[in-house]
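K.L.:
Given only the sequences and the hints, what does the whole structure look like? Please build it.
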Amino acid sequence: SQTIHQWPATLVQPVGSPLSLECTVEGTSNPNLYWYRQAAGRGLQLLFYSVGIGQISSEVPQNLSASRPQDRQFILSSKKLLLSDSGFYLCATRRRDLSYEQYFGPGTRLTVT
Amino acid sequence: QQQVKQSPQSLIVQKGGISIINCAYENTAFDYFPWYQQFPGKGPALLIAIRPDVSEKKEGRFTISFNKSAKQFSLHIMDSQPGDSATYFCAAKSTSQGGKLIFGQGTELSVKP
Numbered sequence: 001s002q003t004i005h006q007w008p009a010t011l012v013q014p015v016g017s018p019l020s021l022e023c024t025v026e027g028t029s030n031p032n033l034y035w036y037r038q039a040a041g042r043g044l045q046l047l048f049y050s051v052g053i054g055q056i057s058s059e060v061p062q063n064l065s066a067s068r069p070q071d072r073q074f075i076l077s078s079k080k081l082l083l084s085d086s087g088f089y090l091c092a093t094r095r096r097d098l099s100y101e102q103y104f105g106p107g108t109r110l111t112v113t
Numbered sequence: 001q002q003q004v005k006q007s008p009q010s011l012i013v014q015k016g017g018i019s020i021i022n023c024a025y026e027n028t029a030f031d032y033f034p035w036y037q038q039f040p041g042k043g044p045a046l047l048i049a050i051r052p053d054v055s056e057k058k059e060g061r062f063t064i065s066f067n068k069s070a071k072q073f074s075l076h077i078m079d080s081q082p083g084d085s086a087t088y089f090c091a092a093k094s095t096s097q098g099g100k101l102i103f104g105q106g107t108e109l110s111v112k113p
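Those sequence lines, one after another, are chains A and B.
The letter at position 93 of the first sequence is residue 93 when you use this note's numbering, and the numbering goes up by one with no holes.
The letter at position 56 of the second sequence is residue 56 when you use this note's numbering, and the numbering goes up by one with no holes.
Treat the hints as calculated values from the structure; they're not laboratory data.
A few of these clues could be false.
[Unchecked claim] A few chain A residues that don't get close to chain B, going by computed Cβ distances all over 10 Å:
(1) T3
(2) V60
(3) R68
(4) V112
[What the hints assert, rightly or not] For each label pair, taking beta carbons as the anchor points, the in silico distance ranges come out as:
(5) S67(A) <-> P113(B): 41 to 49 Å
(6) S65(A) <-> K15(B): 26 to 34 Å
(7) G43(A) <-> D31(B): 46 to 54 Å
[Said to hold, decoys possible] List time: in silico DSS-like cross-link candidates among lysine-lysine, alpha-carbon distance up to 30 Å:
(8) K58(B) <-> K15(B)
(9) K71(B) <-> K58(B)
(10) K68(B) <-> K58(B)
(11) K15(B) <-> K79(A)
(12) K15(B) <-> K5(B)
(13) K80(A) <-> K42(B)
Beta carbons: idealized from backbone N, C-alpha and C, even for Gly.
P.N.:
Now the structure itself:
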């Protein structure tokens, strides 16, 4: 079965500081990877997805970026955080087979002060 | 542009009752419809899912009903328990764009003892 690790679990950062959130996946190869943000309220906003190493698609134009340096590693970054970047960041993975099942990681709670 | 509409936003049910959450989609380019359950501070967990060639799927107390012609699907929770109190999300998987999931806005379910 797949296991998703997200680091760190919580983070408090000042406005204007850089950001790096990491997601690693175990138990599968060549998965599709996704970054979501969940702001106050409940909605899940898809930020980026990747179908392979170095392949990143952006869903929402903003000051965030994503990279996939290894098959099972997905990184979310920012050069300068904004207050509006606060939220619950979730990494998700889906196997490249016909199961279609997508699984979420435990999330990173980011507070920008 | 929201392509999956979920209702109600919140739902209160008595223990032992039936919880019903509805979703409607606006795009036919979907081939998989999952439901997720999320507890506070946790990542969403895959609960049950259905493909459009099936009209109903049941797993324990959870049932998905799917109406392809009406572009609607619903989650029924039988014999609802206080432990079912959580936020529920429906979703639809795109046949393109990396198979991304389009999520509904969520339903906060509270089961009263």
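K.L.:
Keeping to a limit of 30 Å between CA atoms, is the pair of K71(B) and K58(B) held or broken?
P.N.:
19 Å, holds
K.L.:
For the pair S67(A) and P113(B), does the Cβ-Cβ distance stay inside 41 to 49 Å?
P.N.:
Holds, since S67(A) and P113(B) (Cβ atoms, about 47 Å apart) stay within the stated range.
K.L.:
Assess, step by step, whether the Cα of K58(B) is no farther than 30 Å from the Cα of K15(B), and give holds or violated.
P.N.:
Given pair K58(B), K15(B) holds - Cα atoms ~20 Å apart, limit 30 Å.
K.L.:
Evaluate the condition: distance from the CB of V60(A) to the nearest CB of chain B exceeds 10 Å.
P.N.:
About 12 Å separates V60(A) from the closest Cβ of chain B, which puts it past 10 Å; holds.
K.L.:
Holds or violated: is the Cβ of T3(A) farther than 10 Å from all Cβ atoms of chain B?
P.N.:
12 Å, holds
K.L.:
Return holds or violated for the Cβ distance of G43(A) and D31(B) against the range 46 to 54 Å.
P.N.:
Once the Cβ atoms are compared, 23 Å apart, the range 46 to 54 Å for D31(B) and G43(A) is violated.
K.L.:
Quickly compare the C-alpha distance for K80(A) and K42(B) to 30 Å and report which way the hint goes.
P.N.:
26 Å, holds
K.L.:
Beyond 10 Å from every chain B Cβ: check whether that's true for V112(A).
P.N.:
18 Å, holds
K.L.:
Honestly, do S65(A) and K15(B) meet the 26 to 34 Å range at C-beta?
P.N.:
47 Å, violated
K.L.:
Given the hinted pair K15(B) and K5(B), is their Cα-Cα distance within 30 Å?
P.N.:
27 Å, holds
K.L.:
Run the distance test for K15(B) versus K79(A): straight-line Cα separation, threshold 30 Å.
P.N.:
Not OK: K15(B) and K79(A) at ~49 Å, beyond 30 Å, violated.
K.L.:
Non-interface claim for R68(A): all C-beta distances to chain B beyond 10 Å?
P.N.:
12 Å, holds
When each numbered hint is compared with the structure, violations occur for hints 6, 7 and 11.
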